[in-house]
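**Student:** Chain B: place on chain A using the hints.
Residue numbers (the numbering used here), protein chains in the order written: chain A, 128 to 491; chain B, 128 to 491.
None of these hints come from the bench; they were simulated from the model.
Only a predicted model underlies this, so the values are computations on that prediction, with no experimental measurement involved.
Treat each hint with caution, since some may be false.
Copies of one chain are not kept apart here, so a pair can be met inside one copy or by any two copies together.
Claimed, not checked - Keeping only pairs whose Cα atoms sit at most 27 Å apart, straight-line, the calculated DSS-like set for lysine-lysine is:
hint: 1; residue 1: 297; residue 2: 446
hint: 2; residue 1: 244; residue 2: 129
hint: 3; residue 1: 244; residue 2: 131
hint: 4; residue 1: 412; residue 2: 297
hint: 5; residue 1: 297; residue 2: 385
hint: 6; residue 1: 385; residue 2: 319
hint: 7; residue 1: 150; residue 2: 131
hint: 8; residue 1: 132; residue 2: 244
hint: 9; residue 1: 446; residue 2: 155
hint: 10; residue 1: 484; residue 2: 155
There are 2 protein chains.
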Amino acid sequence: MKLKKPTLLIDKEKCLHNIRKMKAKADKSGVRFRPHFKTHQSAEVGEWIRNEGISAITVSSISMALYFAQNGWDDITVAFPVNVAEIDEINELAMQISLNLLVENDEAVNYLASNLKSEVGIYIKIDAGYHRTGMLVSDHQGIHNLLNSIRQHELLHFKGLLVHNGHTYKAGSHKEVIAIHEQSIEALMRLKTFLIGNDIDLEISIGDTPSMSLVENFDGIDEIRPGNFVLYDFMQAALGSCKTENIAVALACPIVAKHAQRMEIVIYGGAIHLSKDFILDDIGKPIYGRVVQLQNNSWSKAIGGAYVKSLSQEHGVIKVNAAFFDKISVGDFIGILPIHSCLTVNLMNEYYTLDGKLVTTIGP
Amino acid sequence: MKLKKPTLLIDKEKCLHNIRKMKAKADKSGVRFRPHFKTHQSAEVGEWIRNEGISAITVSSISMALYFAQNGWDDITVAFPVNVAEIDEINELAMQISLNLLVENDEAVNYLASNLKSEVGIYIKIDAGYHRTGMLVSDHQGIHNLLNSIRQHELLHFKGLLVHNGHTYKAGSHKEVIAIHEQSIEALMRLKTFLIGNDIDLEISIGDTPSMSLVENFDGIDEIRPGNFVLYDFMQAALGSCKTENIAVALACPIVAKHAQRMEIVIYGGAIHLSKDFILDDIGKPIYGRVVQLQNNSWSKAIGGAYVKSLSQEHGVIKVNAAFFDKISVGDFIGILPIHSCLTVNLMNEYYTLDGKLVTTIGP
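Just chain A, with the same shape it has in the complex (with noise of 0.2 Å):
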């Protein structure tokens, strides 16, 4: 493959590698596995996770959920409030798919009671300590109440509690994270028995990729809806939740120059390839991108000292050591691994695989 400008490379085996391994922890605790697909936004990385076995998934968005029930999935939970103004995108899909929705509110409820033509299931959006969206998973007497509101209408068929604890991605340290993720299920445990007393059953879905990656033990639990992992990034891999070498997509940038006086380079390769997403180092430098050098059908481990300094609409300013510098020319291409994945795929909008096939995803 001949390289031109920024190109998102993926490595397929470490793909597979991930998926897998995610697969069989799920498997060994007896947990439905449905991952995220809002990381790789591709229905050909959906054909090498559903050839591993997988059926149910998750995406963030009813657009997502369209492209993935075009791409032959039946099993969608949309994890992310309703949005009632695409009403008429969701009576389309819940015809067709098995549709999961999230609420966190009567208007929601009364809205979706009023303007359904199908059934879907309802799960009630828990708030256990990130604070981003949810009813508090303290508020056992609110939950009740709507769990009482959706059941009195046919069409929502009630399903359980989700939770996302995107708050791990605020840990220190392995600890914190299974920290974070023990006392969530152990508030989700005192809402269930409180809310089970009413003859119900339901389910615990959670997902995020810390815990899912560091948890060994899934007790208590349903469903788990990592998305992130299938790929990694260096926010993970700061994170501990993989290594390095786990991460499974490179943006390939060609050097356009090199500050010797400063020691960096200047890539093409800006904010709207990889997003503005960064990481704070140990002394609260931020930290934008990893680098690798690019190999024949692979990429080498990540460069000691070398990392994306800045980003700007197409620039990435890049320190080096004088090792590292030298070895380097204007015109060279090296591979930048992403902070965040999910971000820098949103915005390529394509992959290649290491032998040079085009890997397309939902697109804008």
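**Tutor:** Below, chain B without anything else, positioned relative to chain A:
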């Protein structure tokens, strides 16, 4: 127009006002106005600009140059260090239009000299303090040497020095923006004096929206290349380059949840719509967007105390005050003024005018 999901609105009147104001300023100073098209990325917005009497443009990639060349622009500067891997596309363009490229090292000059098939205009990229790309403005001898290399090659037609003072974005005040601009012009004048001693004519091309918006005196400059001014955004408003009322784009987003305990609302509208760019407010808190109410064919002023506090892939969390909280409901649409309109446009790939007409862009 029936809004269903995050939709980028463009206010054509505001846009035309911004274009006319900058054009008048350029005309008054007698400088060539070569607006940067990387912000709007749209053939149609390009026509609005052409209708104001503008015929030369700037872009940031060869892909963008190809798109605008196909849309009738025949005088294009690619304001990015030349990516030699795209030599075929460069040759294609150089045959059709008047194409200007940027160089800052011998590698690029030599590669072009050996591989070009038609004449191109060449600017040397100068670093006047931003320290992203370019030869240091103080490196008179180095620049002189590069210029001599350029002049040895028939198809490389040297045109001048090109600078982008991106460090104006870090300025704390109008005064500081103007000071950065003036220092850079002084240094460029010293460089020019040194170079024209060698019997050469050259242009000075400059352009960043903060200084082009705030500076009144364009003495010493031959060409200005601002881009963001066409749409502006909240980063520019915070810098003082424009008023909030001049921002010509807003992202319409549905409200999907309200959380009274935290005085927060959640919108469908996240990092894949707005980008993760942010500014810091007076107390160092990140702001990912400001909030307006959508009205018939317009939007309100920014709502006091309301701002986008955080973004994940598809969610935005907005802090509001109690008065606004009570006024809005789940299912309503509100508008978000982006922090960085270039990145928002790049993610959204299309706009709608306030009377509901689709405006396309280059796309992914």
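**Student:** Hint by hint, note whether the structure agrees.
**Tutor:** Against the structure, the hints come out as follows:
Taking CA atoms no more than 27 Å apart as the test, residue 297 paired with residue 446 passes in both settings, with 26 Å inside one copy and 21 Å between copies. Taking identical chains as interchangeable, the C-alpha atoms of residue 244 and residue 129 lie at most 27 Å apart only when they sit on different chains, with a minimum of 21 Å there against 51 Å within one chain. In this assembly of identical chains, the alpha carbons of residue 244 and residue 131 lie at most 27 Å apart only when taken from different copies (19 Å versus 49 Å within one copy). With identical chains, the CA atoms of residue 412 and residue 297 are at most 27 Å apart both within one copy (16 Å) and between copies (17 Å).
Taking the shortest Cα distances, residue 297 and residue 385 sit within 27 Å of each other only across copies (24 Å), while inside one copy they are farther apart (35 Å). In this assembly of identical chains, the alpha carbons of residue 385 and residue 319 lie at most 27 Å apart only when taken from different copies (24 Å versus 59 Å within one copy). With identical chains, the CA atoms of residue 150 and residue 131 are never at most 27 Å apart, being 36 Å at best within one copy and 36 Å at best between copies. For the homomeric pair residue 132 and residue 244, the shortest alpha-carbon distance between copies (21 Å) is at most 27 Å, but the shortest distance inside one copy (47 Å) is not.
Proximity of residue 446 to residue 155 under the C-alpha cut-off of 27 Å is found in neither arrangement, the shortest distances being 43 Å within a copy and 42 Å between copies. Taking identical chains as interchangeable, the C-alpha atoms of residue 484 and residue 155 are never at most 27 Å apart, the minima being 34 Å within one chain and 54 Å between chains.
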